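Student: Make a model of the complete structure from these sequences and hints.
Here's the letter readout for the chains.
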Amino acid sequence: MSETLRSARLRAVPTRAYAWTAAGLVLAVLPFYLDRFWLQAGLFAMAAALGALGINLLTGATGQLSMGHAFFLAVGAYGYCAFAGDGTDGLAGLGLPGWLAAVLAVALAGLAGGVFSPIAGRLRGAYLGIATLALIFIGQHVLFNAHDLTGGYNGRAVPPLTLFGLTFDDSELLVAQVPFGAVEKLWYLGLALLLGGVLFARGVLRGRPGRAMNAIRDHRIAAGVMGIPVARHRAAVFVLSSMYAGLAGVLLALVFQRTVPEYFGMALSLEYLAMIVIGGLGSVAGAVAGAVFVSLLPQLLTRYSDALPLVSAPGTGGIAPGEAARYLYGAAVVAVVLFLPGGLVRLAARTPETPKSTEPSGEAR
Amino acid sequence: MSTFAEFLINGVSLGSIYALIALGFVVIFRATEVVNFAHASLLLAGGYVTAVLHDDIGFWPALLAGVAGAALVGAAVEFLVMRRHRGGDHSVLAIVTIGVDILLATELTRRIGTDILALGDPWGDAVVTVGPVTIAETRIAALLAAALLITAFLLAFRYTSWGVAMRAAAERQETAALMGIRLGRVSLGAWAVAGGLAAVAALFLTVFPTPGLERATSLAALKAFPAAILGGLDSTTGALVGGLLVGVTESLATGYQGDLAFLGRGIGDLAPYLVMVAVLLIRPAGLFGTKEPARV
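Protein sequences appear in the order of chains B and D. Just so you know, the first sequence maps onto residues 10 to 374 in our numbering. Just so you know, the second sequence maps onto residues 32 to 327 in our numbering.
Worth double-checking, as some hints may not be accurate.
[As the list claims (entries may be wrong)] Take a look, some chain D residues computed to stay more than 10 Å from chain B by CB distance: (1) 40; (2) 83; (3) 315.
[Said to hold, decoys possible] Just so you have them, the derived chain B footprint on chain D, three or more residues with Cβ under 8 Å: (4) 47–56; (5) 237–246; (6) 296–307.
[What the hints assert, rightly or not] Here's a subset of chain B near chain D, in silico, CB distances under 10 Å, partners left out: (7) 68; (8) 108; (9) 116; (10) 120; (11) 131; (12) 134; (13) 136; (14) 139; (15) 146; (16) 240; (17) 277; (18) 280.
It is worth saying that the hints were derived from the structure and are not from the lab. Given the structure is predicted, the values throughout are model-derived calculations rather than measurements. Beta carbons are placed, not taken as given, at the ideal position from N, Cα and C, and that holds for glycine.
Tutor: And the structure:
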C-alpha cells in the first residue's frame with residue numbers, strides 16, 4: 010500500500026513539474042507570436058488575477074464579504090499616477106521614479122485598507138458587505154471631485170514605468186526581429202508579478218495564517234477560543250487584500266495608460282466577486298481561473314461578435330458583446346453556486362474533496 | 032426657515048420611499064436570512080413595466096401591473112434560484128443574489144438604454160403652497176402612499192395568519208416548519224411582497240422632480256441598503272427609522288450643497304453612506320438590530 014503510494018507520488022511530481030515548465034515556456038514566448046489585442050487581453054487577465062487573489066484571501070478564505078474591492082484598485086492606480094507623475098499636466102505629482110511609485114502605491118492601498126479596518130473589524134456578514142459598498146461611493150465621489158489629484162471626469166494619463174533602465178512604453182525595441190512595444194514588455198512584468206502574487210498567496214493560505222483564516226471563516230468564536238487573535242488576523246487580511254488590489258490597480262493603469270474614475274465603480278467590485286465565486290472560493294488557482302474567465306469573456310465576444318449568433322457590435326441594436334459577457338458571467342455565478350459548489354477548480358480536481366473545505370460557512374449564522 | 036422646512040418635508044417624503052424599499056429588504060432577510068443584493072434590480076423591473084405599459088392601459092392599471100410584475104420577478108427568483116440551493120449557507124446565497132442582480136440589471140439597462148422613461152403619473156409638476164412653504168404634489172403623494180402601505184404591511188404582519196407565519200419562520204425556521212408552517216410559501220411570499228413594495232417605490236423615485244426612469248435609478252434604489260443596515264437588518268422599525276434618516280440627510284445635504292461646496296459636488300448622494308458608516312462604528316448591529324448572541 011505504502012509502496013504504491015510512494016511510487017505514485019514519485020511519478021506525479023515530475024509530471025506536474027513538466028506541466029508547469031511547459032506552461033511557463035508557452036507564456037514566455039507568447040509576445041513573439043500574438044498581436045497587441047491578445048497581449049492586452051492577457052494583461053487585463055493578469056491584473057484581474059492579482060486583484061482576485063486579494064479578494065479571495067479576504068472573502069473566500071476568511072469569509073469577509075467585501076464589495077469595495079474596486080476602491081482599493083482605484084487607490085493603487087491613482088496612487089501610482091500621483092507618485093510617478095511629474096506635474097507637467099497640471100495635476101499633482103511627486104515625480105518619483107516609477108518603481109518607487111509602484112511600491113508606494115501598493116503601500117498606500119494597504120494603508121487605506123488599514124484605515125478602514127476599525128469598521129471592518131467590527132462588522133460581519135452582510136453588514137460588512139454593505140459597509141464596504143460605502144467605500145465605492147466615497148471613492149467615486151473623491152475621484153470625480155478631487156480634480157488636482159485625479160483629473161476629474163477625464164481621468165489622468167499614466168506615466169510609464171522605468172525599471173533597471175528599461176522603459177515600459179511604446180518606444181521600439183527589437184527582440185529577435187519582433188518589435189517590442191508597451192504590451193510586450195509589460196507582459197513579462199505582469200507574468201513576474203502574477204507569479205510572485207500566486208506564490209505569496211499560496212504560502213499564506215497553506216501556512217499558519219491560512220489555517221487561522223479558514224478557522225475564522227468557519228467559526229469565528231471557536232477560532233478565538235483556540236487562541237487565534239481574530240481581530241488582528243481580520244485586520245491583517247483586509248490590509249493584505251487591499252495591497253493585492255493596489256498592485257492590480259497599478260498594473261491596470263500601466264496597461265490602460267489612462268485612468269478614468271468611471272471604471273472603478275460598483276460593477277467592477279461585482280466582477281471581482283463573480284471571479285472568485287466562478288473560480289472557487291478560497292483557492293489560489295480558483296482566483297486565477299475565475300479572473301481569466303471573467304476578464305477574457307468580453308474581449309473574446311467582442312473579437313468574434315461577427316461569427317457568434319445573437320451577439321452584435323455595440324450600437325447595432327442587438328446584444329452588445331459587453332452585455333452578452335455580463336449575462337454569461339451572471340448566469341455562471343448562479344450556476345456555479347447551485348450546481349458546482351467549489352467553482353471551476355473543483356472541475357479540475359481529479360479526486361473530489363469533501364465540499365466542506367472550500368465553502369465558507371458559519372460567518373452569517 | 033421656510034427653505035429648511037421644505038428640505039425637511041422633501042427629506043421625510045424621500046425617506047419614506049427608502050423605507051418602503053428597505054422594508055422589503057428586511058422582510059426577505061427575516062423570512063429567509065438572505066441578504067438580497069438584487070433588490071435594486073427588482074425595483075428597476077417594477078418601474079420598467081409601469082413605464083412601458085402606462086401609454087396603452089392608463090397609469091393606475093400600469094402601476095398595478097408594475098407591482099404585480101416586480102412581485103412576480105421576486106417570486107421567480109425565489110422559486111427558480113434560491114430554492115434550488117440546498118446547502119442552506121446564507122452567505123453563499125447572498126452571493127447568488129449578486130449573480131441574479133448582474134443578470135437582471137444587465138437585461139433592464141439594455142432595454143432602457145440611454146432613454147429616460149416617463150411613468151405617466153397624474154401629478155406632473157404641480158405644487159402645493161402652504162404659507163411660505165412650497166411642496167411638489169408628488170412628494171405629498173409619496174409620503175401618503177408610503178405611510179399607507181407601511182401601516183397596512185405592519186398590520187398584516189401583526190394580525191393576519193400570513194404575518195404570523197412570517198414571524199414564526201423568522202423566529203426559528205425548524206420549529207416553525209414542525210408547527211406546520213410551509214417555509215417555501217413564506218419565503219415565496221416575502222420575495223413577492225418585497226418586489227411589490229419596490230415597484231411602488233420605483234414610481235416615486237422617478238416622478239417629479241427626478242426626470243424619469245433611467246439606468247441611474249438603480250443607484251438611487253441602492254441607498255435603501257444603508258437605510259436597512261443602519262436601522263438593523265432584522266428590524267422593521269429599523270427599516271423605517273433608517274429610511275427616514277437617510278432621506279432627510281440626503282435632502283439636507285443636497286439642499287445646502289452650496290454651503291458644503293468644499294466637500295465637492297454631489298455630496299447628497301454620498302451622505303447616506305457616511306451616516307451609515309458613522310452609525311455602524313458605534314452600533315455594529317444597527318440602531319434597532321438584535322445583537323446576535325454568541326453561541327459556540
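Student: Please flag the earlier hints that this structure goes against, numbers listed from lowest up.
Tutor: 3, 4, 5, 8, 9, 10, 16 and 17
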